[in-house]
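Two chains, two frames, a set of hints: combine them into the complex.
Spelled out, the chains give:
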Amino acid sequence: MKIALHASESADHIAFIQSLGLSDVVCGMPAEIDGVVPVEAFEQRRDIFARHNLHWDVIENLSPTLYDEIMFGTAERERQLDGVCRTIENIGKAGIPVLQYQWMLLGGLRTEYSPTGRGGARYPRFDSAVAQHMAAACLDWMGGGKHRYPHIPDQPLSSEQVWAHLEWFLKAVVPVAESAGVHIAAHPDDAPVPEYLGVARILIDVDSLQRVIDTVPSPNNGIGFCMGTIGTMAGVDVIDAIHRIGGQGKVFFAHFRNPRGQVPSFEEVFPDEGDIDMAAAVAAWQEVGFDGVIRIDHCPGVVGDNGRADRSFAFQVGYLRGLIQSLATGAGQ
Amino acid sequence: MKLALTVRYGYDEELIFAQQLGADAVIVRFDLGDPRDTDLAPVAHRVRVAGLQLAGVELSGMADQFQPWSDGLTGALLAAQNAGIDTLLCASPTQHASTLGQDLEAVVATTSMTGVRVCLDSSRLLPEELAWLPAGDVQVELVLGVPGAGADGPAQAAARVHSGGISAIRFEGGGLPLGMGAIDVTAMLRAIAAAGYDGLIRAGAPPLLGEDDDWNPKGAANDLGYLRAVLQSLR
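Chains Z and A supply the protein sequences, listed in that same order. Start counting the first sequence at 1; every next residue gets the next number (the working numbering). Start counting the second sequence at 1; every next residue gets the next number (the working numbering).
Errors might be hidden in some of the hints.
[What the hints assert, rightly or not] Computed footprint of chain Z on chain A, listed as stretches where at least three residues anywhere in the stretch have a Cβ under 8 Å from a Cβ of chain Z:
1. 5-17
2. 20-33
3. 175-185
4. 195-209
5. 217-227
[Unchecked claim] Each computed SDA-like pair below joins lysine to any residue, with the alpha-carbon atoms no more than 25 Å apart:
6. 2/A / 134/A
7. 2/Z / 232/A
8. 2/A / 260/Z
9. 2/Z / 283/Z
10. 2/A / 68/Z
11. 2/A / 35/Z
12. 2/Z / 184/A
13. 2/A / 171/Z
14. 2/Z / 210/A
15. 2/Z / 175/A
16. 2/Z / 231/A
17. 2/A / 24/Z
18. 2/A / 330/Z
19. 2/A / 181/Z
20. 2/A / 273/Z
21. 2/Z / 2/A
22. 2/Z / 174/A
23. 2/A / 327/Z
24. 93/Z / 181/Z
25. 93/Z / 218/Z
26. 171/Z / 276/Z
[Claimed, not checked] Here are a few chain A residues that sit away from chain Z, every Cβ distance over 12 Å (derived from the structure):
27. 60
28. 62
29. 63
30. 82
31. 93
32. 99
33. 108
34. 135
35. 190
It is worth saying that the hints were derived from the structure and are not from the lab. Even for Gly, the Cβ is constructed at its ideal location relative to N, Cα and C.
If we strip away everything but chain A, and leave its shape as in the complex, we get (with noise of 0.2 Å):
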């Protein structure tokens, strides 16, 4: 498995911290909702040139609509296809339901047609949505750690994993460090490695560790050397 940290496009250090803490990878969240930044091709760039390896870009400031939101989406494929850009995560607009695979034909369109995919959020899509996918390119990150988000223990995990389409999964901790909450982070790892997942796999929301700056670093970094440890004990 890939281990990846998420920074903030623009921010240096956060780049800095995940090649110092030994990130196999990072996820650079990038705003659609600021129109002064609609290429991607520097997000791609900076981390290249930084010595790091760009496993996606985390797309936020969406709409809430589906037509804005899937003309936003279409944009980012078409600036993620001519930055070599080639996984966009995101969450989907609002839920579909019956109609989620008709609205999201033309989306899958652009994703055949630029060969960037898209990992939708699975705690933020209903189950018969989840069912549906995946459909081409557009693809799932399951969300551990959140209930109803696609799978509540190991097993439902694992079962997940063997359905096909996860391209990412992430670890929320619910606003504690990896392996201090409700969620057992090793066991649903063991789950996934069993069933051969090797995708990419990254912390949540970082826990706010006593007085922090606002991207909470220090909890960044106890989830990534929470995760790191349990992948190390794997092998």
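Chain Z with its partners taken away, still in its complex shape (with noise of 0.2 Å):
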């Protein structure tokens, strides 16, 4: 299990992971060309990673404003299509093995971000109660509403429909994956409620998940495992997910975060207090055998932090690689 962040290109960022000790990273996507990333633009960032020996191991996310037509159906999805496929097909050349996608039409949601945690600490926070209410709950969140994604939407999806769409998605894409040698990582719906002004969210339990991994059986077509997100399912035990999910070497990618409730209402905290025992899960990596990358996903804001949170990450890197270690040596006794 490698530790990961999420990084930028800036100097200031890489010095920072390199002191962490850290040697493998993800990073988002270069921006498109005609709705296509070329191959150019992937190979020089991950020049840039390489240069200061960090691996860039992930691609998070596919950008939602390459495959949103695709997300919900409309007729310009043959065309998005066409650029996904020459994009994975562009990551695949560049050599970086997992791309991660998600299925949220409307983005990831919460309702608050309040210096209601410890030493008042600033905790995302999400309730259905308040997002039903609240067209924000998600273009807040997501920086959406000037762009195309997300946006408020202009007619309701079932649940069929939004299945419908990620099957005609995965049908087309995994055989190109395969061909490319990509890794596609499916990253469950956060948060992880049936549905959202009118929309239907899909991968919001541990069964639809097992549904991606169904559709199109391939050792390209996975799950981006967020323990977050999963966390916050409702009634899912987060260790027995990764028995189940990682026991079958589907989890390309993980996520690391300890929440606190699950829907209809929650909190992400810092992992140390949250609900899921971290040392537990980290021992269930472990035993299912996941060697890939695991990043440090969202954390509270602390005091006097600068805007990528580096205090907090920090401590989050920090306690990981505690876990594990730790984890390692009591084997070892």
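Printed below as a string of structure tokens:
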């Protein structure tokens, strides 16, 4: 299991990541040109990291503007599909092994970012009762509203419709990913509620993640296992989920985060105080033989931190490293 | 074990930071060389009203020579007693070897009178000095991660704990994040826990992680998170 942070190309951020002793990073996708991200864009970014002895393991995420018409199932989806496939081919040519994508038509959802945490730390929170009457739950969080994605929906979409769109996408894209040597990883819906503003959200329990895997059986079709999101799914035990999905070798990428509560309401807290027994979770990752990248996910806002939340991320990197090393030491005794 | 974060006196941000990151307690670094600050009552008060537990005051700015060092420490012990502070941490002034016991007699007497414990930094003591301690309430902060500071491996650390007089344990990463340096922190912690240690632990000087403020809060956060995780995994 390799600890990673989401990286930018800034020298200061790269220096921070290096000083933490990390060698793996994940990063977003470069800008597309006419619906395709060129191979040179991936190579250029990959080489910047490589010059600092950092390996770009995961693209997080496939830019929604490359496939939003596919998610919504519009007449434009064929055109977008060609761009997605060519982009995946370029990812493969650049040697980046994992591409994460999500199928949240209206993006991630949060309703608060309040100083209600330990010592007044700011915790992102979600409450379904609030979100149902608040379009800003997605637009504020995802920075939408001014852009094409996410936006307030034009019409309702059922679970069956959204599943049909995802299956159409997978059947077209997975064979391309196989040929390109790219592993595509579906991130669950965060927050995992069944609908928002009349649009269904489908990846909201462990069975739905299994359905993604089973829709197109392939060694290149799997899951981006967000511990925080899965931990907030109603009634889900994250340790069991790690064993179920990870035990199939279907986790291509993981997020390290510990929430408190499950839908209909939850908050994102520090990793040492959430509902998930993180030591047991790391032990579970080791038991299923997960050797991919686990990225420190969102984190609470702490006093004096910079815009990247370096202080909060540093705490979580230390915490995860401590668990990994301690469990390894304990296993050896 | 109780996990503490070291903060500087007068820096509110550091107290808030400790609380947010879930430190069980703080050790406040207090500059004894600053003549404007001789009263420890405000130190205890600020920590208390911030909702934190004060595990001790670490004295800095002390004299290098024994007598003025001893005088300063005696004054601090009395100030600590008045402030309700039960532990002072500091480094010894010079290396005394055979005369340390005799030299510290007055300090030992003052600790008995005040009920305030002194923890001497093991990385500043010679082996023969360490062997003399504890003496009454003059005890040891065992420093792990500095060669020759009293325990160079888990077995030695456990033996030190068994021998008694260890009131605090500090892990030094040598400029690297804990877990990335030469010291096997997890093995050390497992060993001292198995030896029955249940006292105070803290990280030492935090590493500089990228660009940072002068108190290296990123490094402090990383090391606190590391120690918290190992403690949780032991449970």
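The hints, checked one at a time:
Three residues within the 8 Å Cβ limit are the bar, and the region 5-17 of chain A against chain Z gives 3, so the coverage statement holds. With 3 residues bearing a CB less than 8 Å from a CB of chain Z, the region 20-33 of chain A meets the requirement of three and the coverage assertion stands. Counting residues of the region 175-185 of chain A whose beta carbon lies closer than 8 Å to any beta carbon of chain Z gives 7, which reaches the threshold of three, so the coverage claim holds. Here's how the region 195-209 of chain A fares: 3 of its residues keep a CB closer than 8 Å to some CB of chain Z, so the rule of at least three is met and the hint holds.
For the region 217-227 of chain A, the stated coverage by chain Z holds: 10 residues have a C-beta nearer than 8 Å to a C-beta of that chain, and at least 3 were required. Taken as a hint, the residue 2/A and residue 134/A pair is honoured in the structure, with Cα atoms around 21 Å apart against an allowance of 25 Å. Straight-line distance between C-alpha atoms of residue 2/Z and residue 232/A comes to about 21 Å, which keeps the hinted pair within the 25 Å bound. Distance restraint check for residue 2/A and residue 260/Z: the Cα-Cα separation of roughly 24 Å lies within the 25 Å cut-off, and the hinted pair is therefore satisfied.
This hinted pair checks out: residue 2/Z and residue 283/Z have alpha carbons roughly 14 Å apart, not beyond 25 Å. A hinted pair counts as satisfied when its Cα atoms are at most 25 Å apart, and residue 2/A with residue 68/Z does not qualify at roughly 51 Å. A C-alpha spacing of about 55 Å is found between residue 2/A and residue 35/Z, which places the hinted pair above 25 Å, so the restraint is violated. Restraint check: the Cα-Cα separation between residue 2/Z and residue 184/A comes to about 19 Å, which is no more than 25 Å; the hinted pair holds.
Straight-line distance between C-alpha atoms of residue 2/A and residue 171/Z comes to about 54 Å, which puts the hinted pair past the 25 Å bound. For the proposed pair residue 2/Z and residue 210/A, the alpha carbon gap of about 20 Å is at most 25 Å, so the pair holds. Under the criterion of a C-alpha separation no larger than 25 Å, the hint pairing residue 2/Z with residue 175/A is consistent with the structure, at around 22 Å. Pair hint residue 2/Z plus residue 231/A holds up; C-alpha atoms about 21 Å apart against a cutoff of 25 Å.
For the proposed pair residue 2/A and residue 24/Z, the alpha carbon gap of about 33 Å is over 25 Å, so the pair is violated. The suggested pairing of residue 2/A with residue 330/Z holds, with an alpha-carbon distance near 21 Å, which does not exceed 25 Å. Simply put, residue 2/A and residue 181/Z have alpha-carbon atoms about 49 Å apart, too far for the 25 Å limit, and the pair is violated. For the proposed pair residue 2/A and residue 273/Z, the alpha carbon gap of about 16 Å is at most 25 Å, so the pair holds.
Between residue 2/Z and residue 2/A the CA atoms are separated by roughly 29 Å; this puts the pair beyond 25 Å, and the hint is violated. Restraint check for residue 2/Z and residue 174/A: satisfied, since their Cα atoms lie roughly 23 Å apart, inside the 25 Å limit. The straight-line distance between the Cα atoms of residue 2/A and residue 327/Z is roughly 20 Å, inside the 25 Å bound, and the hint therefore holds. For the hint linking residue 93/Z to residue 181/Z, the alpha-carbon distance of about 9 Å falls within 25 Å, and the restraint holds.
A threshold of 25 Å between alpha carbons decides the hint, and for residue 93/Z with residue 218/Z the separation of about 20 Å falls inside it, so the pair holds. Proposed proximity of residue 171/Z and residue 276/Z is contradicted: the alpha carbons are some 34 Å apart, above 25 Å. With a cut of 12 Å on Cβ distances, residue 60/A stays outside the contact zone with chain Z, its closest approach being about 22 Å. Distance check on residue 62/A: its Cβ is at least 29 Å (rounded) from any Cβ of chain Z, clearing the 12 Å threshold; non-interface status holds.
No beta-carbon of chain Z is positioned within 12 Å of the beta-carbon of residue 63/A; the least distance is around 34 Å. With a minimum CB-CB distance of about 28 Å to chain Z, residue 82/A clears the 12 Å threshold, and the non-interface call stands. Every beta carbon of chain Z lies more than 12 Å from that of residue 93/A, the smallest distance being close to 34 Å; the non-interface claim holds. For residue 99/A, the non-interface assignment is confirmed: its Cβ lies about 41 Å from the closest Cβ of chain Z, beyond the 12 Å cut-off.
With a closest Cβ-Cβ approach of about 37 Å to chain Z, residue 108/A is found to remain outside the 12 Å limit, as its non-interface label requires. Against chain Z, the non-interface label of residue 135/A holds: every CB pair exceeds 12 Å, the least being about 35 Å. With a cut of 12 Å on Cβ distances, residue 190/A falls inside the contact zone with chain Z, its closest approach being about 6 Å.
Comparing the model with each earlier hint shows violations of hints 10, 11, 13, 17, 19, 21, 26 and 35; every other hint is respected.
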